[in-house]
Amino acid sequence: MPWRSGTEYELPWARVPFVRILIPFALGILCSNRTTGSLLLGLAVLVPSLLAMIGAHRRAKRQVMPAPWFGLASLGAWWALGFAWAALRDDRTLPNHFFDPEKQYQELVVEIHQVDEKERYWNGYSRTFLEIGDSINRNVHGNLLIRIPKPGSYNPSSGDVIQARFRIQEPFKPSFPFEFDWNLFLHRRNIHHFTYLDTADFRVVHHPGPGLLESLRARLDGYIREAVPSDRDYPVASAMLLGSYKKMDQDLFNAYSATGAVHILAVSGLHVGIMAHIFQYLFGFIRIGKKKPVQLQALLLIGIIWAYALLTGAAPAILRAALMFSFLTVSRLLLRDSSPVNILAAAAFVLLCINPFDIYNIGFQLSFLAMAGLFLLYEPFRTLITVENRIVQVLVKVIAASCAAQLAIYPVVGFHFHQFAFYFWLTGLISTPFSYLILGGGLFTLALWPLAGHLVPWISIPFRYGVLWMNETVSWIYTLPLGKIQGWWPSLADTLFLILLSGGMAYVHFQKTRFSFNCMLLCGILFLSVLILEEKRNQTKTELVAGTHKNRPWLWIKHRENAFLYLIQDSMKIPRSYLEKYKLREENIIYFHPGKQSLLSGPLRLEGNQIIFGEKHFEIALEDQKTKSEYSKFQPLLKNRPAATPSITTQKKPGLPDLISFAADLKDGPSPRPVESPYLRIRIK
Amino acid sequence: MKFKPFPAFFRYTLHQRKSQFALLFMVFILGLVYLYIHFFPPQSGYVILPLEKGEDVNPGPSSLESPVESKTSVPTALRIDPNRVTLDLLLEAGVPKRVAGTWMKYLAKGGKIKSSQELGKIYGMDQSLLDKLTPHLVFENAGKAKGTALNLNLSLNLNLSLNPNTASVRDLTAAGLPLKVAYTLDNYRKKGGRFLKPADLSRVYGLQDSLLQRILPFLVFEQEEPDANPHSENPIADEIPPSPETVDLNRSDTSAWERLPGIGPVLARRIINFREALGGFHERGQLKEVYGLPDSTYHAIEPYLIPSPITRLIRVHLDLPLKKAHPYLSVKESRILANYIRQHGPFKDPAAVIRIQAFDSTFWKKLLPYLDFSTP
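Those sequence lines, one after another, are chains D and U.
Note that the first sequence covers residues 1 to 685 in my numbering.
Note that the second sequence covers residues 686 to 1061 in my numbering.
Be aware that one or more of the hints could be misleading.
Pairs of lysine-lysine residues, derived as BS3-like cross-links and limited to a Cα-Cα distance of at most 25 Å, are as follows [said to hold, decoys possible]: (1) D/Lys150 to U/Lys865; (2) D/Lys103 to D/Lys173; (3) U/Lys876 to D/Lys118; (4) D/Lys118 to U/Lys806; (5) U/Lys806 to U/Lys782; (6) D/Lys150 to U/Lys882.
For the record, the hints were derived by calculation from the structure and aren't laboratory data.
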């Protein structure tokens, strides 16, 4: 690499002002714990920061490169604004939140704004606005997730206003160390309570008909169904064109997921780009007199892209694309030379202003990281290989784009989905031309549908066969060896490190200084060392975890590479992915059922500061603060076992090993553990 | 070599500083707008009445037979157009002030009253007051009522009586229910729903309270049978019609099974498949043989199970040898039985089969309830 030396090189921060705003703003949102205290703290930091900004601004006057005081104050102000904004937007911060912990039942009027259909129920995401009291009604606010059972006489739809008596609950926290944290998932969507709808005790106050967009979407979906009659291909066609998610063939979905092509099924920047390209070409024929009306074309394009974004459900990915497209188009109209990175940051900033909790949305994260990767890492990959042949050049460019995007997103994909698609580069080669064919063919088909009559099967050929061939190609790639690498469980620290590493690569490429390279290398080595030591420490420690899962108590002991999981009673399914993560071996999963032969290797008991498990003696690591606090809850559970019959068996059988009594305590006994930790975790030496 | 990435991050030109302030101001305005919408939300315009508690839904036919005398009386000559009435007119008509005020607010928000029954929407309007006002009501477009309005045939057919658990869609619509509501009610019944008391009808989507009040006097509910002992020795004699809380071993479908604790769609399907293969369960304990049904789940659902007769028997003298295996009798075993019958003649009584030494007592214990020994 040709290093720069002997010259001063400064990053062009002036060209990316929104990046300088977005970084502290996003950090502020992430740091906020979204309480009234956070709001006040944010405001307490914001006000002096603003005053400092004003003071620095006046002092700087017209200096070309003033002292960085303004920048420091600005950093603080934007961080505080993000911090306070997240707190302000949290449901529970402002007064008149609907939840009243004193009442067992609350009669509320809610508006369902989104319905998510599952196999046995619907999830109705709703906003409360009125509480019916005994003598007086009051205006309330807050998000509530309503679970509506199937089958029932009520099918919810978006826009419904219902009145019912609800028993409000908080979402369940995981009772298992590796269980999906539904509470956190909803919390990040600003939903803190849920309830079940009792269909015997509710009323539909208002049921609007389908809106214009919904009717149009349903009609277009009907056309797609006719144009693509195959049950296997139709869900893909509908998802790509309209963003509507139908139940797909599971094998086909697995193929898309494993090959890294699942982003094609979600309407996002790729679709917006293709749409814009197609319409730009079509609008190129518009003339007013002899001139091309550039402004009119630009406005029409922006209008069409936004209409498409709203028609397809306005997911964060497509909103990002629509915003970026709008900003880029307007900047070109105004003859401003805008950095694409700045436009990307501006789009992120706008979306976070509208809904700060989008930062936790996986679609938001992947969409923006992929674009950032494309902007920052495409050049380094593209310039790795130089060829003369034009066709090979195109192939190199497409693969470079795939690599750039993948390098930015693979840590997040690993964190959320625990897998890596090895053939992403191959999928990238085929997805773009097929997407053009499908989207172009689909637009053509839908536009001509009302006029085509009997010609419909013919005009829809490119569309129909485009979907079919893409499905077949993706399915073929899925059959290749090493198609999907699974069982990768990076922690949050690992993920951040890998993202920073990718960013560092771009940084070094643009800086081209040996010093910057050395800095990145040193940081990388230090960080990696810390991670390795932490991983080593985690692997050598022994943990005992006790909890209940679906009302069945269980015990887990992890000792070095071995993990023993004891499940009390029957039929508790452990997902395979969890076996991989915690290196559980099937032979070490032992089910215990009273009445059958005991499969335990020995009883579990507590003696002093030691846990005795069969022939193994484990000393509790009381120097670990968390263990110490958990131990204080753990002890009474073993010592003060109630004499009552454990409810997991119908009668207490004499001679039961201590394990069963201990497990029964967790279920039946007085539980001193707080709600926040439904399971106990003790470190053992 | 000088390298200063970080100081550049904090350095802003004049133009950039001004832009920062402008952006901060815009975000501040956004925050104010959000707070304004929160503290001064737009009014919904819906007329919302408190939910009636289950036991209060049905005032009962007796209340119609002996209406409470209203304290007010309406002047005989008064004509009231409910959509154009004034507050003074309402007060003159004897409507209480509070109710009159609510009525005015309802009209002010764009509410329309198309029939006298819809007046019941007004909060505070009780039956007696409505009865007093009804003869004086004048509707501008009385002849243009939409199809979803209550069919006024109800008022002419005073001898009508309906059992909501058995009435056909035709009967329900003849009684005045809109067709859509009648179908919804019918679908609810098909999925196992039952109406044991008037409050249960509020579960039917589209059946508004006002409509329910109108048809309530004509509804007949079945008397609840005394609870039969589900552990009865003679389950056939003590047959209990399956309710959502109990499940008939041999007649209930998957949706009924799924209502039991611990039974999901997969287990329900397995139970049904096993039952069909067997020809019916002759005792509850056979459920333990269903693949994947945990012992704990069986004990949990056992109290809800109602035994009933087996639906299909193996005719020993006609069906053997079997072409398709029965869960308790394989094709090979059926050939052994068929050969025995061919050699020794038809069985005269069930005890005779036990003599066949090819099979043990456990085999016969399971299979005997499924055998039909009647000679052709």
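Cross-check of the supplied hints:
{"no.": "1", "hint": "D/Lys150 to U/Lys865", "verdict": "holds (19 Å)"}
{"no.": "2", "hint": "D/Lys103 to D/Lys173", "verdict": "holds (22 Å)"}
{"no.": "3", "hint": "U/Lys876 to D/Lys118", "verdict": "holds (19 Å)"}
{"no.": "4", "hint": "D/Lys118 to U/Lys806", "verdict": "violated (35 Å)"}
{"no.": "5", "hint": "U/Lys806 to U/Lys782", "verdict": "holds (16 Å)"}
{"no.": "6", "hint": "D/Lys150 to U/Lys882", "verdict": "holds (22 Å)"}
In this structure, only the earlier hint numbered 4 is contradicted, and the remaining ones agree with it.
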